[in-house]
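K.L.:
Next come the chains, spelled out residue by residue.
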Amino acid sequence: MKKAFLVYGTVISLVFAYASYTGWSVSDSVQSGKWGPQGHSAYHK
Amino acid sequence: MAGELPTKPEAAKSPTPKVFNCPSCGAGVLIRAQGLTVSVACRACGSVIDAANENYQVLSTAAKNLKIEPLIPLGQRGKLHGATWEVIGFMKRSDGSGAYTWSEYLLFNPLKGFRWLTEFDGHWNYVVQTKEKPGSETAVAAIGSDRSVAKALGKTYQLFHKGTAKVTFVVGEFYWRVKVDEKVDVEDYVAPPEILSCEKSKDEVVWSVGEYVAPDTVRTAFQIAKPMPVQTGVAPNQPSTISSVAPVIGKYWGTFIAIVIALQFFAMISAKNEEVYRGDFVYRVNDTEKQKVTPQFELKHGMTNVDFKLSSPVQNNWLEIEADLVNDQTGETYEFEQGVEYYSGSDSDGYWTEGSQVGHATLSAIPAGLYHLNIQATGPASNPWSTGVQPAEQGYSITVTRDVLTWGNFLWSLALLSIFPAFVWWRSRSFEQSRWSTSDFSPYWSQSEED
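Taken in sequence, the protein lines are chains Z and H.
Counted the way our numbering counts, the first sequence spans residues 1 to 45.
Counted the way our numbering counts, the second sequence spans residues 1001 to 1451.
Rather than coming from a laboratory, the hints here were simulated on the basis of the structure.
Glycine included, every Cβ here is placed at the ideal spot set by N, Cα and C.
Each hint can be trusted.
Cβ pair distances, simulated, as ranges: (1) H:Gly1154 - Z:Leu14: 37 to 47 Å; (2) H:Gln1376 - Z:Tyr21: 28 to 38 Å; (3) Z:Leu14 - H:Arg1077: 53 to 63 Å; (4) Z:Tyr21 - H:Thr1378: 32 to 42 Å; (5) H:Gly1279 - Z:Leu14: 33 to 43 Å; (6) Z:Tyr8 - H:Pro1367: 27 to 37 Å.
Cross-link-like lysine-lysine pairs, in silico, PhoX-like; alpha carbons within 20 Å at most: (7) H:Lys1200 - H:Lys1162; (8) H:Lys1251 - Z:Lys2; (9) H:Lys1092 - H:Lys1067; (10) H:Lys1202 - H:Lys1179; (11) H:Lys1251 - Z:Lys3; (12) H:Lys1067 - H:Lys1179.
Construct all of the structure, not just a fragment, from the sequences and the given hints.
P.N.:
This is the structure:
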C-alpha cells in the first residue's frame, strides 16, 4: 500500500509538473473527455 | 494469569512428571512441572489440590455441573515463538459482571518456564509475565487517572480496561494456589499488537505483556482439529495493517503536497503573462456583418495556455461572445465562449450589484504559431431596464495573454493526492473506533458523549 501510494503520488506530481510546463488544463480534459494537450476548446465562465 | 512466577533456576531444570491419586475422587492426577507446580486441578472432579507438599490437600472443589473441555487439551504440545510448549493448565475467567468470559491456557517449557495463551471472542494472545514493571511514578499516575498511559519495555501503552477478573473454572496445574472465584483487579493497556496487563491482589502485583497471535498460528502450532472460536469485533491489541501504514502514507502525502505547492509557486513566478493582442469592438443589433475578425497575432515559445479577457461596461445588461482562435498556418481552430453581465440597483437593503463587467476564458495547451480570432457577439435586442424599444449598442474589448497562471491543475492535484490518504485515514479511524468501542477509555468518545 505504501509503495502503491508512492507510485501514485509520483505520477500525480509528474503529470502536474508536465501540465504546468505545457499549459495543459486537467479541467479542460475532464470537460471534453479527452486527455493530454491536443488543441481542443475550453470554456471557463 | 495471577501469581508470581517461580524463580528461573528451578525453571531451568527438566522436571519429571509425577502421578498421584486425587484425594477427592481417586482419579490419577498428573503433575508435569513438578517442583514448580503449586496447585493442580483434577481433570475428573475439578478439585483443586495443593501440590506443594506430599499431603495433596484439597484446596477447593468444583461445582459438580461445571465441566468445560478446553479447546487445546492438557498435555498438548505446540511450537510457538520458537519453542515447544506443553499445555499444563487451563482456566476460564470472567469480568466482574460475568458478561465477558475468556480462556487462559498455561504453557510450560522446562527451559523457558511458563507462558500463557489467552482467548477472548476468537482473538488470541501469547502472554509473558514481565519483571520489568512500569516505573512506579508512571504506574501510580496511570492507575489513578482515566485515559492514562503506562510506560514499559520502551513503549507507551494506553489504558483500555479497568475492572476485576474472577476465576470460574480450572483444570490442570498452576504455579500458584489457584482457586475458583479468586478475584483480582485488572488493568489493561494497549499498544497494538501488544497488551500490557496488571493484575493486583492483596498480596501481589503482576505485570504481563501479551502479543496478538493470529488464530491460524495457534491452530497450526497446537494441531487443533476442532473449529476455532469465531472471531467477533476487534481485539484491544489487534494489529491493523491500515493503521500501521497510515502514518507513513501521511508523511508521503505531506511530501507530495509540498512538491505540488513548490511547483505551483514556480509556475507563479515563471508565468510570463505576455499580452499578444488587444482589440476594441462594438456590438450592434442591426449589424449586417455579425462576425469580427482580428488582425493576426503571434503566440511564441512553444505550447502554452492562452487567456482571453472580455471587458464590456455593461450596465443592467449582458454581452456574450462566441470566438474561434484560428491557427493561420495549420487551420486548426479552438473554440470558446465567454459572457459578461452586470446588474445593480437599490432596494430596502440598500445598493446592490451582481455579476461582473469582466470575464476570462482560458484555452490550454495551444501550440506556438500565428493566429487570429473570429468573434461573434450576442446581446439583448433592447435594454430591458429602459422604457420602450431601442437599438442596443455595446462596446467591448478583448485582450489575449499567453502563459498565464492557472489554479485548476493545482487544485486537481491536491484533490487527487488527498483521496488515497483520506481513504486510509477513514479506514484506520473506523478500525480504531471499533477497537475502542468496548473500552470505557476510548479516545474517540466526544465530551458530550461522556457527559
